[in-house]
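Residue numbers (my numbering), protein chains in the order written: chain Y, 1 to 167; chain B, 1 to 508.
The set of hints was computed from the structure by calculation and includes no laboratory data. Check each hint, because a few of them may be wrong.
Claimed, not checked - Here's a subset of chain B near chain Y, in silico, CB distances under 8 angstroms, partners left out: (1) Pro51; (2) Tyr196; (3) Cys221; (4) Thr392; (5) Arg431; (6) Glu450; (7) Arg454.
Unchecked claim - Label-pair ranges, simulated between beta-carbon atoms: (8) Arg88/Y x Arg388/B: 18 to 26 angstroms; (9) Leu20/Y x Phe486/B: 22 to 30 angstroms; (10) Phe486/B x Leu24/Y: 25 to 33 angstroms; (11) Ala77/Y x Ser239/B: 46 to 54 angstroms.
C-beta atoms are modelled at their ideal positions from N, C-alpha and C, and glycine is treated no differently.
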Amino acid sequence: MGEKTGPAVSHFLVEAAFSLFTCLFGAVIIYGAVEFNIGWGDIGPDPGYFPFRVGILIIVASLVNLVGTLIRRKKLATDIFLTPEQTRNVVAFVVPVVVLIGATVILGLYVATALYLLFTVGIVARHRIWVTIMVAVCTPLILFVLFEYVFLTPLLKGPIEHLFGFY
Amino acid sequence: MLENLPLLMDGFALAVSPYNIMLMMLGVFLGILVGVLPGLGAPNGVTLLMPLTFGMNPVSAIILLTSMYWGALYGGSTTSILFNIPGEPSSVATTFDGHPMAKAGRATEALTTAFMSSGFGALVGVVVVTILSSWATRFALKFSPIEYFTVFMLAFGSFVAFSGGSPIKTVVSIGLGFAWAGIGMDTVSGSMRLTYGFTELSRGISLLVVVIGLYGIGELCQTMQESAGTMEPVTSKLSAREVLRAAFAMPRYWIALLRSACIGLWMGITPGGPTAATFMSYGVGRRFSKAGARFGTGDPEGLVSSETADQAAGSAAMLPMLALGLPSSATAAVLLGGLMIWGLTPGPALFAERPDFVWGLIASMYVSNVVCVIMALTTVPLFAAVLRAPFTITGPLIVIVCLVGAWTVGSNTTDLWMVLAFGAIGYFMTRLHYPVAPLVLAMVLGDRTEDAFRQSMILSKGSIWVFWSNPLAGTIITVALLCFAFPGLTALWRLARRVRYPLSEEKK
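Based on the provided sequences and hints, a complete structural model is requested.
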């Protein structure tokens with residue numbers, strides 16, 4: 001949703017974009033509801049009856065929001081939603097999380113956790129090397145003991161754990 | 001009134017075992033921790049812990065989780081006072097007077113006053129829950145789907161009327177929650193709907209995953225947006241003498257205590273929620289109290305007003321939650337989701353079938369709030385130190401905790417991506433001042449609201465006037481509709497009086 005369009009993202013842009021997003025979402029819900037009957041069936045309202053009306057509610061409310069945003073356009077356009085620096089901070093936070101989830105799916109949660117912490121604590125935040133290693137090594141180990149042995153709720157494991165015989 | 005006493009005693013016998021006391025202390029400790037840390041509020045903390053309680057006995061599980069809730073409310077006050085960071089939405093009003101007090105060198109007094117007021121509010125709340133529960137269940141027994149639907153509408157209406165901010169954005173939040181709740185199996189006909197051909201969606205969207213995303217990742221994103229400045233508390237040392245002095249000064253605020261407790265109770269039992277309660281109590285105090293003019297500059301009475309109402313509402317909210325299955329805060333909504341996962345159906349039947357559960361919970365509330373006051377006071381230095389730890393380390397650790405939590409919900413990788421998606425939505429919602437609590441409430445109540453509506457329609461053969469067919473339902477639905485219309489009506493009234501109000505309230 002309009003992440004890096006200019007030097008600073010205006011409040012107006014994001015507000016309008018989010019209204020459009022909720023509006024679109026309402027439309028998707030209506031589309032989904034129409035697949036099932038939205039009217040009155042043999043025993044009462046059909047499965048689509050309620051979602052259809054919820055979809056309409058979302059669309060109407062979103063449009064009211066959008067109109068309100070357009071009316072206050074002058075004021076909102078000068079409001080800064082994200083400064084370039086803030087945008088950088090948010091991206092620097094979100095991108096590693098996306099990679100972390102991707103890595104979790106492939107490598108399992110423990111290994112991905114270690115790599116993610118090495119990267120964020122050691123490389124991005126430049127903490128001292130022993131702090132980084134402490135955090136990046138101890139966290140997955142503590143999680144492993146807690147979840148595999150104490151809570152008995154196994155977490156996602158990948159090829160490396162399989163190598164050591166843990167499934 | 002006294003008929004509940006033996007039941008309560010049974011509850012005490014059950015709740016006050018060494019094991020449960022240990023769980024209480026653990027819960028309160030974790031609660032204060034999540035209350036203190038940004039990105040881990042009460043709803044999210046309870047959500048993360050919930051999958052680990054599925055194997056526990058429900059009484060112990062609810063004691064652990066509710067203790068965590070109480071702990072988080074206390075932890076939120078600590079950060080509000082020492083760091084001027086409201087750890088919870090309901091402790092925003094605490095910062096108004098708490099932080100100025102701390103800055104003026106009265107941190108110990110502020111913390112003690114806040115915790116004692118919270119303890120008082122909670123106590124009043126539990127006593128009222130104890131007294132009213134039989135009456136509430138008898139009342140609830142009269143409820144048919146028609147009344148249930150009207151009560152649910154009242155819950156949503158009161159969010160629109162009282163949550164502050166833009167009412168129309170509240171409506172969007174409620175709509176999104178309903179829509180997400182509708183995905184998956186239709187509970188009446190049993191058919192799949194709104195899955196758009198994705199098998200992943202046929203299980204429906206898990207409330208827990210949504211909460212972890214909205215409250216966890218979304219809030220972290222917001223914290224990360226500012227380049228991590230170090231957070232320094234005003235002070236982290238408490239002197240025992242000052243604690244005692246502040247504690248003994250409490251009776252001086254008896255009017256404020258009682259007034260705020262009443263407001264809190266009202267907002268807790270009617271679905272207004274703790275956040276609305278704190279602001280209302282603070283506002284009423286400012287207008288009607290002699291000390292009102294000093295509110296906002298570091299007046300203990302302002303602190304008493306918000307804190308007492310906060311806890312009174314939080315505790316009293318257990319009554320509609322247990323008796324009607326109607327949560328009035330996001331955390332209560334998550335707890336309610338948990339009840340259903342444990343196989344317990346909230347409502348009058350719960351009181352009849354599982355008195356051990358209901359009364360064990362109520363009894364535990366008496367004990368855990370004492371535990372809270374003691375632990376909150378003794379752990380202030382510890383948690384002040386936790387907050388001083390660089391956020392560049394705690395932040396990534398919280399991300400890991402959120403992902404682990406999301407995985408334990410259903411051992412499913414789709415949930416991990418969903419957490420990310422809901423995190424993005426949560427970030428934009430919070431930044432654009434869309435309230436998140438109504439969304440969570442709508443997700444929890446979505447199916448039941450729809451069922452109640454459809455059953456009512458079946459009963460009435462499609463006539464909407466069935467909601468006015470008896471005085472009880474008619475009154476509730478009329479009040480609910482007035483709530484929905486309230487923002488519009490006040491706007492019209494202002495227009496008619498041609499009073500120009502500054503729009504500042506909306507911008508906060």
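Status of each hint after checking the structure:
{"no.": "1", "hint": "Pro51", "in the structure": "7 angstroms, holds"}
{"no.": "2", "hint": "Tyr196", "in the structure": "6 angstroms, holds"}
{"no.": "3", "hint": "Cys221", "in the structure": "6 angstroms, holds"}
{"no.": "4", "hint": "Thr392", "in the structure": "3 angstroms, holds"}
{"no.": "5", "hint": "Arg431", "in the structure": "7 angstroms, holds"}
{"no.": "6", "hint": "Glu450", "in the structure": "4 angstroms, holds"}
{"no.": "7", "hint": "Arg454", "in the structure": "5 angstroms, holds"}
{"no.": "8", "hint": "Arg88/Y x Arg388/B: 18 to 26 angstroms", "in the structure": "25 angstroms, holds"}
{"no.": "9", "hint": "Leu20/Y x Phe486/B: 22 to 30 angstroms", "in the structure": "28 angstroms, holds"}
{"no.": "10", "hint": "Phe486/B x Leu24/Y: 25 to 33 angstroms", "in the structure": "29 angstroms, holds"}
{"no.": "11", "hint": "Ala77/Y x Ser239/B: 46 to 54 angstroms", "in the structure": "52 angstroms, holds"}
Hint check: no violations occur; every hint is consistent with the structure.
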